[in-house]
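There are 6 protein chains.
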Amino acid sequence: MTRNTSIYGPLRLLVGLGCPDLGQEISEYLGVRMTGRDVIRFSNENIFVRLHSSLRGADVYLIQTLSSPVNENLMELLITLDALKRDSAARITAVVPYLSYSRSDKKDQPRVPITARLVAELIQVAGADRYITVDLHAGQIQGFFSIPGEALTAIHILIDYFKTKPLQNVVVVTADLGFAKTGRNYAAKLHGRLAFVEKRRPINGGGPEAMTIIGDVRDKDVIIVDDEVDTAGSITGAAQIVEAHGARDIYLSFTHPVLSGPAIDRLRSLPVKEIVTTNTLPIPPGKRLPNMTILSVAPMLGEVILRAHEGRSVGALFE
Amino acid sequence: MTRNTSIYGPLRLLVGLGCPDLGQEISEYLGVRMTGRDVIRFSNENIFVRLHSSLRGADVYLIQTLSSPVNENLMELLITLDALKRDSAARITAVVPYLSYSRSDKKDQPRVPITARLVAELIQVAGADRYITVDLHAGQIQGFFSIPGEALTAIHILIDYFKTKPLQNVVVVTADLGFAKTGRNYAAKLHGRLAFVEKRRPINGGGPEAMTIIGDVRDKDVIIVDDEVDTAGSITGAAQIVEAHGARDIYLSFTHPVLSGPAIDRLRSLPVKEIVTTNTLPIPPGKRLPNMTILSVAPMLGEVILRAHEGRSVGALFE
Amino acid sequence: MTRNTSIYGPLRLLVGLGCPDLGQEISEYLGVRMTGRDVIRFSNENIFVRLHSSLRGADVYLIQTLSSPVNENLMELLITLDALKRDSAARITAVVPYLSYSRSDKKDQPRVPITARLVAELIQVAGADRYITVDLHAGQIQGFFSIPGEALTAIHILIDYFKTKPLQNVVVVTADLGFAKTGRNYAAKLHGRLAFVEKRRPINGGGPEAMTIIGDVRDKDVIIVDDEVDTAGSITGAAQIVEAHGARDIYLSFTHPVLSGPAIDRLRSLPVKEIVTTNTLPIPPGKRLPNMTILSVAPMLGEVILRAHEGRSVGALFE
Amino acid sequence: MTRNTSIYGPLRLLVGLGCPDLGQEISEYLGVRMTGRDVIRFSNENIFVRLHSSLRGADVYLIQTLSSPVNENLMELLITLDALKRDSAARITAVVPYLSYSRSDKKDQPRVPITARLVAELIQVAGADRYITVDLHAGQIQGFFSIPGEALTAIHILIDYFKTKPLQNVVVVTADLGFAKTGRNYAAKLHGRLAFVEKRRPINGGGPEAMTIIGDVRDKDVIIVDDEVDTAGSITGAAQIVEAHGARDIYLSFTHPVLSGPAIDRLRSLPVKEIVTTNTLPIPPGKRLPNMTILSVAPMLGEVILRAHEGRSVGALFE
Amino acid sequence: MTRNTSIYGPLRLLVGLGCPDLGQEISEYLGVRMTGRDVIRFSNENIFVRLHSSLRGADVYLIQTLSSPVNENLMELLITLDALKRDSAARITAVVPYLSYSRSDKKDQPRVPITARLVAELIQVAGADRYITVDLHAGQIQGFFSIPGEALTAIHILIDYFKTKPLQNVVVVTADLGFAKTGRNYAAKLHGRLAFVEKRRPINGGGPEAMTIIGDVRDKDVIIVDDEVDTAGSITGAAQIVEAHGARDIYLSFTHPVLSGPAIDRLRSLPVKEIVTTNTLPIPPGKRLPNMTILSVAPMLGEVILRAHEGRSVGALFE
Amino acid sequence: MTRNTSIYGPLRLLVGLGCPDLGQEISEYLGVRMTGRDVIRFSNENIFVRLHSSLRGADVYLIQTLSSPVNENLMELLITLDALKRDSAARITAVVPYLSYSRSDKKDQPRVPITARLVAELIQVAGADRYITVDLHAGQIQGFFSIPGEALTAIHILIDYFKTKPLQNVVVVTADLGFAKTGRNYAAKLHGRLAFVEKRRPINGGGPEAMTIIGDVRDKDVIIVDDEVDTAGSITGAAQIVEAHGARDIYLSFTHPVLSGPAIDRLRSLPVKEIVTTNTLPIPPGKRLPNMTILSVAPMLGEVILRAHEGRSVGALFE
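Chains as they are written, first to last, in my numbering: chain A, 11 to 329; chain B, 11 to 329; chain C, 11 to 329; chain D, 11 to 329; chain E, 11 to 329; chain F, 11 to 329.
Treat each hint with caution, since some may be false.
No copy labels: a pair is met if it fits in one copy or bridges any two.
[Stated by the list, open to error] Straight line, CA to CA, 25 Å or less: simulated DSS-like cross-link-like pairs of lysine-lysine: (1) K209 <-> K283; (2) K209 <-> K297; (3) K173 <-> K209; (4) K116 <-> K199; (5) K191 <-> K209; (6) K297 <-> K191; (7) K116 <-> K283.
Hints were generated in silico from the structure; no laboratory data involved.
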């Protein structure tokens, strides 16, 4: 067999409109060119996809993140999967660095959907044989798929970055109690302590939500961590209360820069020294703040794709 | 059992954001109130649906057309179906008056998807037990569903309207040869003749597409028919050539007013006496031309829903 | 890997009772011998299939057309697929040059089946991983399959044949308005004009069906085209009216020679110069007319099988 | 609810071409008229089914046995199921008194199909929600279905008949060792003894199959039992050897009169007093021998249908 | 229809060997007798289930918790579901108060299963149409099911009990950071504060796991909360550190009393005033401590079953 | 490709807790080391599986027999399959030498499950692509799987062993009439005669079950055969009656030594010369009788695995 060919056929890359730059980086990491395709959005808003060359018998990795416009990008992902399936690709892996709708992962009130499960089903029914994603909002979302996949984490990339900095008396703070356990892992790897921000509605139901900090941050270097920052409401509150309690330097660290609505305005006004995130979602130039550091997940995704293609252990990469 | 209850449970209506007015009309036809629901589009573009009251054990008809924004409305449809399924509705019927993506119904070139089949699968996997739709681009799309459903037609509504007019020497013209057979049916019911417009690219590949009329339209009242009008390109060409060949009055008749992009500008400038269509898609005020007549499919849909609910023949309605 | 082996295993051919000669031709094209198998029809009419040698781990192409006896051949196809699946073939492609039941592809009246979708399901459930077929009655039938496949066309084979003839002023006539669009493509490739035959029942419902020709055929060389000729009713009517309108030479061209019931008697009596068709269905000697030309689809099918096996583009073959 | 209506909707009967008389008998037992339907076999051999009235929302029992022509009747069954499903029947039960292909129920040699499982899958995929059948060749075939069903037996009908006869010293003989266990049950209920016929090929492989009787039949009234008689080869051999060993009166008893090929000629020449069977398969007049008694399964099927419809125990019927 | 009958048929209860007392309580709440069944465990360890009377056409609720012996009880659940499905029950709801294997809900290391998803699949494939369960380890496990269901919580039962006690300065402590968010809800409803116990391995990897308390418990009444107590390791550590930090009275509160291995010995030795739990799992007499309070979930489950049966809102019960 | 690699990836073996010795033997036969894995049974009885190294892209054979503890071993099998699937193994074959629950293969009374079908479904849904098993209780159980597989027999191993013995006038006796046909095959291959043991309840229902021998065993060497021996009830009765009828030497021969409950005590007291069985189930030292001969199925399984891996005929091995 020739180079880059395995029992699944030759390795091929296809990149959706959601993350062209990340796709390019992965392509360079692998030394495999992106297969051309047209993605046309007709004036009736129907999305149409046409592959420039056949991927018949190939081991195809379709890289498409669910960035804005989210539903357009999701439909493009599904439609491209259908085109790949009907083109008789040998194996199709949906590489979705940011899986949107992940917060709708359970019925925590009556009469609502579990959209994350629905999205997993849609990806499967459209034709994916496997999936690769990064830092799911909840690890359990892996179980929404019946196909195999890799639910990777970029946390070690973020931590490695912080390890290069001369931080003192690190305290890791989670803005969301649902992220407490992951926060503990962060703290352990950085040999830091842990603190939490608790939000609670007033008993009488009136007035603003009260915020408490549980744990000690005074004169500490604080890293506020989360899996994603969307409108930046929680993380803003956390940064403010942490500052009010006398923290030294404050850092923000999160994998997915969703940064919707008021997020950038809020982040801009925060007393934080540095905002560290990744490129699982593209950040348009207008949203790049001077104190923002964007680490690339491309080498990780590229290496995982290579190992998946060649039938080598992915887990070993992280041990 | 109480009124409006069958072996499928009580009849309930839910209406999506795609066609609120049509939903209201159907609700009035049936004398059944629309069940309230929230449809929230968060700033991260995630759509969230919450039913105001439980539809457990009910025979639910979810009315949502795939109007603009198409992909948003499709996702809302799928998410609402998931919410209904998880709320233990007894039977769920997706009522989709206009099924978008219907023109992507076959691979007529290599390496493309069959998105209409994909959409049918998505609707099924999300939780629909049945579907109801109107004037599919191709009747075969019924076979893309494995669930039962009603693929209705509004053509008799359009024809009945034309029968009230004092037309003379009617000739039915189809702008798209793929619609020729349906055009014949139009003509037969109106006791008119038939003519076709043929488009063909020049042999040398250069210059504009040539258009020919096959059949005789001089001094005739002409009805140009199609299933939908999207950008109005074909129908515009047809109207022009029909006028150039000496037609008397010209009418346009089509079920689905997609009317995207340049459609309205094109239609406004055409020498047609009347444009007759339906409300399977809402037409915003700015797109309503003075010579436009919009017939309602609400009574038909309402009656079909009632019969489906009660286990009475739908086919008999059309015989 | 040895010759004729790909990631799907070695290439193997199996031929059903429906088209032994075509199977032999494909076998010769590919230089791959047909795997032996018994097909026994017990006196209780149960069909039994036994493979002469194991196809475990092979890339198997089962060639079986749905010729007469149609339902026997369909059951043989399904039973053989089950035998192949349970023999652990690595990949199974059902090659069905003529897919019967294709005209039952939609509910155009109430309370009828969509048998073409059913047949597609049966082929899948029996064990096919892919399908290959030729000139489906409607391209949408591709979407009845959720497995990938190639819906090929033999029209270019027919057209290439006509291009070798000294035809003058060609007019392509379609006998069935549902075939109008394909007729247009025929005409465009032959640089000819287009005409249509319209059938219509009398308004009062009594008397014979009236037939009109739309377009001009006088003194022209006419090719009447269709996808298949079954009882030859439509095409006979078309040939007669075309002759009555003064056509010069008349040709018939169609892919699938079903030729059931009165077909041969009708064709024999027609004033046509040549009947051009293919071998997607075997034509028994008694049905071969002197003016009949049968073109072979074997090289096309053989080449497509080879490309599918080797993971090379099939689409490129037709571009 | 009105009479004959349950939570599954009103009870409706549909009868296929395989067993019109049995259908009529069941209809009379139930006092429910058969719903009309057309079954058309076009000259291209395609089967077409059209229901005369809608079965929407009904609890439908489709009665179709797999008599000759077997594959035609099977396809008719599948196509009718599809029509019923797409007509939105509330629940569909396939009543198949004789399930053909039941002897192909395991791979007892390499590279063969398990057609009985395939047939069960086809019935499910075509749209059946439940099945009812009689005396499967092997009880395990119930497990080939994932849908629920009733695998009934007519043996008690046969035994009750024999109980009315003044038999002496009954010995039950099975012609097929695979039927030994059921033969034991026969014998137990008739308070008779048991004997077996063993067939064995000669050791050197040449010459005719040798037949031995194991057990004592001299001067006994012998009932040779089996589930079905196809070509009557085994049962003929059994009758001959039983006679040769000095049996008094000999009876044949079997549920399914397949009676294919040489069966009738063989049965006619046998020294048996009476041939007792049922009408799970219609016996054409020319195959009805003077010593043949045909018992009806219609009351049993009718009663089971009624109980299934009303949600009452079927098992209790047999206890 | 008679009382206790809905569109799903009459309400029927079946109780597995895992929780006979709870089943009895639910039966009394509903006034519906338990349907008899045999559950036999042969000496070859095969479990066999036989229903005493038919549940054909009934709305069946099978109550089986996954108590010890866990895998036996799971197999009994699956086998009973199969028996119910094949008995043509109209609708089958698996009521599983404690869903074992819930902690195996994600791949948090390479090469491990997601057993909770597997168990959900097994329950579905065995025949359940719906499920009801209590306090899943993670809410996302709802999304492991594609069938609808009710994931209930008993936390309000526990909280209501604590509200009857004269507690002072309540602090809610979670022993597991993954439970932090639920702990916050506990605290909010009890108008108490929140504290956490953090466990961390020493940096050099040697020595015992270090435990820290984050938040203030001195002189407070502390309730240590969790979803389940298995070996009681975490909760024991939490109780000890809370005591060491000067808490006043200490309470334990958890839904599922798994209480395996050393649990009872550990709990017995703890300085806690009261252990409050429920009967989602039966607690054998030998494991009932004097300071243990067992609250019943039977009224909640009974009411939910009734509402599900009658098609009334379950969500409304909790609002 | 390297040795031991095929289109399905490299050959890998994994062995469950049910049959470690058999796994070791197969490993030695193949010269392929067993992949390490942890199987942990927590004190809450949850089984947890962790592979020591990745099996991504491999052709994996998981060897796990359903020995005691049966339900634990079945759950371990399912959980390991899930782990393999989620580790992206290329193809997974469940090798289950003894498939428990096989006797629950049909509904021979109302309201019982078909557990063998359920088990087949569970194995498929957990992730198996293929199965290999030995001497199913009924060959039809092959049809309970929709995945391909090999249902092997060890009978030729047993017969080859008996052929090495100086037996005289062999009579093969089946203790169970359901095994009569297989008994005939035994007898034919050993050139022996055939006899049966019939059990029957007394007519009045009281008193012990009566046992009759049908056929002649006096002064013959008798081999009593069955597929498995569970409690040894039937085979004990058979041996006693055979001895009472004057047999010479008596042998027992069966594939699966289930040997539960009183089996060993019964076998120990029987007047049989030799008990011949296989190692499809491990026999603990305390159950090994002096006159017991255990033949290994490891070479057969090893060879079948090798051929399945390499895509060579398995059937040819047995012809």
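Verification of the supplied hints:
no., hint, in the structure
1, K209 <-> K283, "within (24 Å within a copy, 29 Å between copies)"
2, K209 <-> K297, "neither (27 Å within a copy, 38 Å between copies)"
3, K173 <-> K209, "between (30 Å within a copy, 22 Å between copies)"
4, K116 <-> K199, "between (30 Å within a copy, 21 Å between copies)"
5, K191 <-> K209, "both (17 Å within a copy, 10 Å between copies)"
6, K297 <-> K191, "neither (30 Å within a copy, 31 Å between copies)"
7, K116 <-> K283, "neither (35 Å within a copy, 35 Å between copies)"
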